[in-house]
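Novice: Residues per chain, in single letters:
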Amino acid sequence: MAEKRITVRATRFDPAKDSEPRLQSYDIPFSDDSMVVLDALNYIKSHVDGSLSYRWSCRMGICGSCGMTVNGTPKLTCSAFLRDYWPGSITITPLNNFPIVRDLVVDMEDFMEKLKSIKPWIIRKQEMPLGAGEHRQTMEQIDDFRQFSQCINCMLCYAACPVYGLDDKFLGPAAIALARRYNLDSRDQGTKERLPVIAHSDGVWECSFVGECSVVCPKGVDPAKAIQQTKLDTSVRFILPYGNRE
Amino acid sequence: MDFESYDVLVVGGGLAGIRAAIAVVETNPSLKVGMVSKVYPMRSHTVSAEGGAAAVLRPEDSYETHAYDTIKGSDYLADQDVVEAFVREAPIEVIQMEHWGCPWSRDPDGKISVRPFGGMTTWRTCFAADKTGFHMLHTVFQTSLKYPQIHRHDEAFVTKLLVEDGRCVGVVAIDMRSGRFDAITAKAVILATGGMGRVYAFTTNGNICTGDGMALAYRAGVGLKDMEMVQFHPTGLPFTGILITEAVRGEGGYLTNKDGERFLKRYVPNKMELGPRDIISRAMITEFEAGRGFEGPHGKYMHLDVRHLGEAVIDRKLPFMRELGREFVGIDIVHDPIPVRPVMHYMMGGVDANISGATPVSGLYAAGECANVGLNGGNRLGSNSLSECLVFGAATGRAAADYVSSAKAVSANPIEGMLKDETKRIEMDYLEKKSGEERIGAIREDMQLSMDAGAGVFRTREGLENLTKQLGKLRDRFGRIKIEDSSRTFNTELMSVLELDYMLEVAEVITYSALAREESRGAHARRDFPERDDEKFLKHTIAFRTDEISPRLEYRDVRITNFKPQARAY
Ligand SMILES: Cc1cc2nc3c(=O)[nH]c(=O)nc-3n(C[C@H](O)[C@H](O)[C@H](O)COP(=O)(O)OP(=O)(O)OC[C@H]3O[C@@H](n4cnc5c(N)ncnc54)[C@H](O)[C@@H]3O)c2cc1C
Ligand code: SF4
Ligand code: FES
Numbered sequence: 012m013a014e015k016r017i018t019v020r021a022t023r024f025d026p027a028k029d030s031e032p033r034l035q036s037y038d039i040p041f042s043d044d045s046m047v048v049l050d051a052l053n054y055i056k057s058h059v060d061g062s063l064s065y066r067w068s069c070r071m072g073i074c075g076s077c078g079m080t081v082n083g084t085p086k087l088t089c090s091a092f093l094r095d096y097w098p099g100s101i102t103i104t105p106l107n108n109f110p111i112v113r114d115l116v117v118d119m120e121d122f123m124e125k126l127k128s129i130k131p132w133i134i135r136k137q138e139m140p141l142g143a144g145e146h147r148q149t150m151e152q153i154d155d156f157r158q159f160s161q162c163i164n165c166m167l168c169y170a171a172c173p174v175y176g177l178d179d180k181f182l183g184p185a186a187i188a189l190a191r192r193y194n195l196d197s198r199d200q201g202t203k204e205r206l207p208v209i210a211h212s213d214g215v216w217e218c219s220f221v222g223e224c225s226v227v228c229p230k231g232v233d234p235a236k237a238i239q240q241t242k243l244d245t246s247v248r249f250i251l252p253y254g255n256r257e
Numbered sequence: 234m235d236f237e238s239y240d241v242l243v244v245g246g247g248l249a250g251i252r253a254a255i256a257v258v259e260t261n262p263s264l265k266v267g268m269v270s271k272v273y274p275m276r277s278h279t280v281s282a283e284g285g286a287a288a289v290l291r292p293e294d295s296y297e298t299h300a301y302d303t304i305k306g307s308d309y310l311a312d313q314d315v316v317e318a319f320v321r322e323a324p325i326e327v328i329q330m331e332h333w334g335c336p337w338s339r340d341p342d343g344k345i346s347v348r349p350f351g352g353m354t355t356w357r358t359c360f361a362a363d364k365t366g367f368h369m370l371h372t373v374f375q376t377s378l379k380y381p382q383i384h385r386h387d388e389a390f391v392t393k394l395l396v397e398d399g400r401c402v403g404v405v406a407i408d409m410r411s412g413r414f415d416a417i418t419a420k421a422v423i424l425a426t427g428g429m430g431r432v433y434a435f436t437t438n439g440n441i442c443t444g445d446g447m448a449l450a451y452r453a454g455v456g457l458k459d460m461e462m463v464q465f466h467p468t469g470l471p472f473t474g475i476l477i478t479e480a481v482r483g484e485g486g487y488l489t490n491k492d493g494e495r496f497l498k499r500y501v502p503n504k505m506e507l508g509p510r511d512i513i514s515r516a517m518i519t520e521f522e523a524g525r526g527f528e529g530p531h532g533k534y535m536h537l538d539v540r541h542l543g544e545a546v547i548d549r550k551l552p553f554m555r556e557l558g559r560e561f562v563g564i565d566i567v568h569d570p571i572p573v574r575p576v577m578h579y580m581m582g583g584v585d586a587n588i589s590g591a592t593p594v595s596g597l598y599a600a601g602e603c604a605n606v607g608l609n610g611g612n613r614l615g616s617n618s619l620s621e622c623l624v625f626g627a628a629t630g631r632a633a634a635d636y637v638s639s640a641k642a643v644s645a646n647p648i649e650g651m652l653k654d655e656t657k658r659i660e661m662d663y664l665e666k667k668s669g670e671e672r673i674g675a676i677r678e679d680m681q682l683s684m685d686a687g688a689g690v691f692r693t694r695e696g697l698e699n700l701t702k703q704l705g706k707l708r709d710r711f712g713r714i715k716i717e718d719s720s721r722t723f724n725t726e727l728m729s730v731l732e733l734d735y736m737l738e739v740a741e742v743i744t745y746s747a748l749a750r751e752e753s754r755g756a757h758a759r760r761d762f763p764e765r766d767d768e769k770f771l772k773h774t775i776a777f778r779t780d781e782i783s784p785r786l787e788y789r790d791v792r793i794t795n796f797k798p799q800a801r802a803y
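If you read the sequences in order, they're chains G and U.
Counting from 12, one number per residue, gives the positions in the first sequence under the working numbering.
Counting from 234, one number per residue, gives the positions in the second sequence under the working numbering.
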């Protein structure tokens with residue numbers, strides 16, 4: 012039987028040489044049914060063109076570095092199987108809504124700043140001494156925030172978000188989901204410090220129920236829900252004069 | 234010329250590095266800390282750790298049993314004073330992680346849960362479902378964001394340690410985005426660069442685990458300790474090498490051969506699936522050789538079976554395993570057994586460091602998987618490593634903070650010359666090199682397959698000698714390497730070639746250290762020397778770099794306190 016092959020087109024862009032991104036096409040062997048899109052990129056890099064640039068590390072869907080757009084959809088390339096595209100071809104482009112650094116590598120500094128701005132750490136009025144042992148927390152209390160703690164910062168939701176696409180001042184799905192993760196943690200008392208950051212972030216109020224973010228999230232996080240819940244909280248706390256202010 | 238300058242510079246943004254950085258500023262809030270990482274910290278390979286972190290938290294447990302389990306597990310190659318200090322600190326660190334927000338799984342009374350793990354005589358492994366490393370890493374990383382004293386250099390790749398007058402005073406790093414070569418100076422440098430699994434072909438380690446810190450220290454004249462001690466985990470998924478956590482067995486999973494038999498009864502009858510990794514991996518290979526493995530498209534394998542645990546337990550305690558099974562194998566572990574086989578997993582050896590992480594070069598420290606402080610000896614017990622990153626990350630951070638309070642400032646004078654030399658080396662050897670025909674990928678693959686074949690679960694003199702010859706040839710080929718990417722912007726090919734250079738060095742040290750240890754101990758199993766030999770080898774191997782590919786080997790006695798070496802039976 013003739014060897015199976017697959018055509019992969021990938022974005023090439025070197026800011027020193029190119030004025031704009033272009034697609035380069037590679038025809039590679041599809042030698043094993045277990046191959047993922049990332050394997051195709053690695054094949055190209057090892058055997059065809061060593062200059063193709065992209066990020067990856069864990070190849071098991073947990074480090075969050077290999078997000079790219081595959082045939083128009085934001086995907087973790089280590090968890091997207093070639094067999095789901097073959098015999099069609101594959102077009103791999105960088106994640107939308109981010110500046111391109113090089114080839115398939117995008118600039119995510121903006122998110123790193125936003126992450127910090129929501130104070131993603133436990134805030135307490137009074138820290139408990141280590142000698143006092145752990146805070147008690149039940150599995151049910153963990154269930155309250157569990158899904159929001161699953162975020163791997165892969166940026167697929169930002170790539171899918173129409174609001175972020177128009178206005179990068181919007182905190183965005185993952186940052187808001189992570190703020191929610193801490194706000195809902197029974198050990199945390201920092202909600203009051205975080206809410207203004209979110210309420211005053213441009214775009215929160217533009218977010219509709221579209222929920223593209225939750226659809227593309229590979230980890231079952233529902234950022235759209237976090238955003239809607241937060242809106243409710245912020246309006247209760249800041250708009251209604253007698254709202255629950257703790 | 235001005236250089237970015239810190240009191241303490243941490244190389245590595247994994248669990249050990251971040252824990253160290255926080256410890257520095259908590260020890261002395263006036264210190265300025267730099268943290269360099271070749272990937273965004275939350276991408277570090279700690280993120281993939283699944284099973285848990287060991288600590289004595291229960292009244293029915295004791296420091297002594299945790300110490301004993303660790304020392305016996307190490308096949309008596311651990312330094313016992315280090316183990317004893319470790320077991321006392323581990324619970325404090327686990328609680329600290331809890332206060333920082335780690336979502337540890339809980340018992341009904343709200344206390345941190347523990348689960349059984351291989352080689353541990355009692356339940357002491359704390360876990361956050363089966364994504365423990367992910368949660369721990371994101372917790373410490375997000376917590377680190379609240380310290381303005383910690384200044385990060387994300388996606389900066391360290392190529393060299395700056396050593397002046399026998400003292401480490403910083404690093405040279407390439408800022409990947411701009412391609413700029415920077416000298417970053419500091420009164421003390423902590424290496425926390427993680428493991429080296431990519432030296433092998435079949436590994437649980439991610440692409441970034443290339444032994445950089447080990448090679449950097451080795452080049453700076455520091456010895457690498459016990460590098461022959463390479464851990465093979467019994468349960469990796471065929472083809473990808475993705476790990477199926479030991480917690481699967483901790484929660485009650487069975488390992489069966491093609492006759493449906495729980496074959497471990499022949500090897501570790503009292504522990505069965507909860508035996509230590511080295512012994513179970515050897516048992517599996519032995520079964521394969523006896524024709525009792527399954528044959529699959531990606532080689533021989535065994536079954537890891539959790540069907541009897543039921544969906545509720547699986548979803549509560551092993552949800553990520555179900556996800557990995559679905560995504561990467563196309564099975565549902567609730568209804569199907571998982572195909573597994575031994576896979577390279579962890580380096581017990583590492584940069585020679587003492588109980589506070591200090592190396593023999595002043596100002597240079599090491600913590601986490603890249604270091605060998607003497608905790609793991611010949612075989613690390615599962616779930617001791619995450620705890621090690623916390624305990625020794627913190628200890629090293631504190632020691633470095635103390636050291637810099639009295640250390641002299643770094644003089645900028647010689648730095649400029651060193652930066653120039655290093656820049657020139659990399660430009661001439663790689664970026665601007667015109668000749669050469671060897672591809673990185675080809676040399677890397679040959680190295681990895683050679684290491685799998687020659688320095689795997691079982692070793693022989695013949696195999697190892699053959700491997701030294703192959704590594705010699707790979708060195709020659711490396712001299713003829715050619716890179717196609719001359720761009721300065723995010724040049725991942727340049728990173729790959731520098732990593733390959735590090736890995737070849739690490740592979741050489743593993744191979745020569747393994748050749749010289751003519752006994753079987755822990756993970757180092759020599760078919761030609763099947764017995765442990767305490768007379769000759771109750772000693773650490775320390776490898777020093779020479780101008781040849783073979784290192785100079787020295788030996789150092791293991792420190793024994795309360796646990797006399799005995800036969801290791803389970
Ligand atoms: C799949 C898997 C599962 C595991 N499960 C468990 C478990 O359940 N329990 C347990 O105890 N242990 C487990 N381990 C082992 C444990 O996770 C690791 O030993 C530990 O996380 C290593 O942490 P680290 O901080 O030393 O290194 P890492 O987390 O690997 O971090 C290394 C850091 O160094 C940086 N770096 C490296 N080289 C350079 C360079 N040249 N320049 C700049 N930066 C550099 C990287 O960017 C990274 O930030 C597991 C390991 C694997 C692979
Ligand atoms: S919320 Fe989901 S899609 Fe968005 S960054 Fe987190 S894991 Fe990725
Ligand atoms: S490589 Fe880590 S998520 Fe894909």
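To be clear, the hints were calculated from the coordinates, so they are not data collected in a lab.
Computed from a prediction, not measured in an experiment: that's the story for all the values here.
Hints may be right or wrong, so weigh each one.
[Said to hold, decoys possible] Once the Cα atoms are required to be at most 20 Å apart in a straight line, the calculated EDC-like pairs of lysine to aspartate or glutamate come out as:
| hint | chain 1 | residue 1 | chain 2 | residue 2 |
| --- | --- | --- | --- | --- |
| 1 | G | K203 | G | E151 |
| 2 | U | K379 | G | D60 |
| 3 | G | K230 | U | E717 |
| 4 | U | K706 | U | E751 |
| 5 | G | K230 | U | E560 |
| 6 | U | K653 | G | D155 |
| 7 | G | K136 | U | D548 |
| 8 | U | K657 | U | D548 |
| 9 | U | K653 | U | E259 |
| 10 | U | K533 | G | E138 |
| 11 | U | K344 | G | D44 |
| 12 | U | K344 | G | D60 |
| 13 | U | K657 | U | E560 |
| 14 | U | K667 | G | D44 |
| 15 | G | K130 | U | E678 |
| 16 | U | K344 | G | D154 |
| 17 | G | K28 | U | E717 |
[Claimed, not checked] Far from chain U by the CB rule (all over 10 Å, computed), these chain G residues:
| hint | residue |
| --- | --- |
| 18 | C69 |
| 19 | M123 |
| 20 | L141 |
| 21 | Q161 |
| 22 | N164 |
| 23 | G222 |
| 24 | D244 |
[What the hints assert, rightly or not] Only some residues are given here: those of chain G computed to face chain U with a beta carbon under 7 Å:
| hint | residue |
| --- | --- |
| 25 | F24 |
| 26 | D25 |
| 27 | A210 |
| 28 | S212 |
| 29 | V215 |
Think of the CB as a built atom: it goes at the ideal place given N, C-alpha and C, for glycine as much as any other residue.
Novice: Run every hint past the structure and note whether it holds.
Specialist: Results of checking the hints against the structure:
1. G/K203 / G/E151: violated, 23 Å
2. U/K379 / G/D60: violated, 42 Å
3. G/K230 / U/E717: Not satisfied, since the Cα-Cα distance of roughly 36 Å exceeds 20 Å.
4. U/K706 / U/E751: violated, 25 Å
5. G/K230 / U/E560: holds, 12 Å
6. U/K653 / G/D155: violated, 54 Å
7. G/K136 / U/D548: violated, 35 Å
8. U/K657 / U/D548: Violated, at roughly 54 Å.
9. U/K653 / U/E259: violated, 35 Å
10. U/K533 / G/E138: violated, 53 Å
11. U/K344 / G/D44: violated, 45 Å
12. U/K344 / G/D60: violated, 53 Å
13. U/K657 / U/E560: violated, 45 Å
14. U/K667 / G/D44: Roughly 38 Å between the alpha carbons, so the hint for U/K667 and G/D44 is violated.
15. G/K130 / U/E678: Since the Cα atoms of G/K130 and U/E678 sit roughly 43 Å apart, the hinted pair is violated (cutoff 20 Å).
16. U/K344 / G/D154: holds, 15 Å
17. G/K28 / U/E717: Measuring from Cα to Cα gives roughly 15 Å; hence the hint holds.
18. C69: violated, 4 Å
19. M123: violated, 7 Å
20. L141: Check fails; 5 Å does not lie beyond 10 Å.
21. Q161: violated, 8 Å
22. N164: violated, 6 Å
23. G222: G/G222 is indeed farther than 10 Å from all Cβ atoms of chain U, at 22 Å.
24. D244: At about 20 Å from chain U, G/D244 clears the 10 Å cut-off, so the statement holds.
25. F24: violated, 9 Å
26. D25: Holds, about 5 Å.
27. A210: violated, 21 Å
28. S212: Hint violated; G/S212 Cβ to chain U Cβ min 17 Å, cut 7 Å.
29. V215: Because about 21 Å separates G/V215 from the closest Cβ in chain U, which is outside the 7 Å limit, the hint is violated.
Checked against the numbered hints listed earlier, the structure breaks hints 1, 2, 3, 4, 6, 7, 8, 9, 10, 11, 12, 13, 14, 15, 18, 19, 20, 21, 22, 25, 27, 28, 29; every other hint is satisfied.
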